[in-house]
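My request is simple: use the sequences and hints to build the entire structure.
Chains as they are written, first to last, in my numbering: chain A, 1 to 274; chain B, 275 to 336; chain C, 337 to 428.
Where hints are given, some of them may not hold.
[To be verified] Using 25 Å as the maximum straight-line C-alpha spacing, the simulated DMTMM-like pairs for lysine to aspartate or glutamate come out as follows: (1) B/326 / A/221; (2) B/285 / A/190; (3) C/398 / C/370.
[Unchecked claim] Label-pair distances were calculated between CB atoms; the ranges are: (4) C/413 / B/309: 43 to 51 Å; (5) C/426 / A/107: 45 to 53 Å; (6) A/83 / C/386: 40 to 48 Å.
Since the hints were made in silico from the structure, they are not lab data.
Small disclaimer: the values here were computed from a predicted structure and weren't measured.
Note that CB positions come from ideal geometry on N, CA and C, so glycine has one too.
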Amino acid sequence: MEIIFGRLDNNNARFTLTETRTAFANAFRRAMISEVPTLAIDQVRIYDNTSVLFDEMLAHRLGLIPLRTDLTTYVPAGECSCGGAGCTHCTATYTLSVEGPRMVFSRDLIPQDPTTAPCHDEIPIIKLSENQKVVLEARATVNTGKEHAKWQPTIACGYKNYPEITFSENCDGCGMCVEECPRGILTVKEGKAQVVAEKQEECLLCRLCEEACMAGGIGSEPSIRIKGDETRKIFVVEGDESLPVQEIIERALMHLRQKSEDLHTIVSQLSGVT
Amino acid sequence: MIPVRCFTCGKVISTAWDEFKHRRESGEDPAKILDDLGLRRYCCRRMLLTHKEIVDDLNPYQ
Amino acid sequence: MNIEIRELTADRARILFHGEGHTFMNMLTDELLENPVVGIAKYTMEFQFSDPELVVTTDGSKDPLTVIREACEHLRGYCDELLENVRTAVSK
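This is the structure we're talking about:
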């Protein structure tokens, strides 16, 4: 099994996972989405809110703001030494105090610990008009996407089988598949259809080209064949900036590793093998 | 108020609203603005396209 | 991880996994089925959020716990391999 990166920066990754199986790839995807913890605002104490939004709406909007998370300093409340009571290792506090008329932005949310500042400064929270006021205190905790989607570190996170495109001898280069392809990955050269260089991975496996080829009416088999290789998966992972994508990938793998390790230990003890 | 994130994928789209609104009002093609703002998926694009801002209408009834 | 053994014979086991979900269980059953001595490896969840119960049967040449242990070793191996991979790719 191997990961080959096509692209990797802070917020986006695209890689091919080779010699794998669907079950493992899917566990990996699920782990990235719902088992990697991040910070998100969980409790809001509202001292004053004379805006047009209800307190609940305001709290909901605050919860959705992605917060920069350093998982070396912050741990999930359940694993914290304070026992979930809420200390500086599992909780980040913010204050917000704004008087209208003006727009309240996420940068108005003042973190007690500057390393946990919101990832974006420009998220509009609520527009205040004359004499309106919002004063509140918010507490962010570390949790996973399993609990609520606001703790998900990923946005788009998925995989597809590696596309394999083959052309048979019967291709007459009519170009109907080229016209049909929504990603424009096909072309006709020297009277035969072929894949545009470096574009094979963009294939959606939609098989519209096969249909178009059949409509051409030569024989009973399309001369272009699309197959997905189940042992090779193309992953796309997009982060919400709270954690670098690389860390999401590593932590998801560490999570799966830990689970296997735990079960291994328990079963070994039960069967008396050490 | 514009939702903070896209309902479907969770991308933060509210940061793009202000620019989108101004550019659309000045008559630009929404498709082009959305492309410029880096909103590739149609779930995120519909968030801005179908949004109607009503805070200012509500304000007098506080 | 917290497990409860409901039934254990030389070729069959029923194990309840407290607090596990599809993420790990599906991966585990798939890995178990890769082993040729395994007959059935399947987990059931009575309701959406119930704890999964794993059923493993073997042909008798190995006992179910050994088979599970081997599957865990493989899975751990895959993760180690990929982690190593990611770290070297990043450091480049």
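Taking the hints in turn, this is what the structure says about them:
1. B/326 / A/221: 50 Å, violated
2. B/285 / A/190: Violated, at about 44 Å.
3. C/398 / C/370: 14 Å, holds
4. C/413 / B/309: 43 to 51 Å: At roughly 44 Å between Cβ atoms, residue 309 of chain B and residue 413 of chain C fall inside 43 to 51 Å, so the hint holds.
5. C/426 / A/107: 45 to 53 Å: Since residue 426 of chain C and residue 107 of chain A have Cβ atoms about 30 Å apart, the given range 45 to 53 Å is violated.
6. A/83 / C/386: 40 to 48 Å: 28 Å, violated
Going through the hint list in order, the structure does not satisfy hints 1, 2, 5 and 6.
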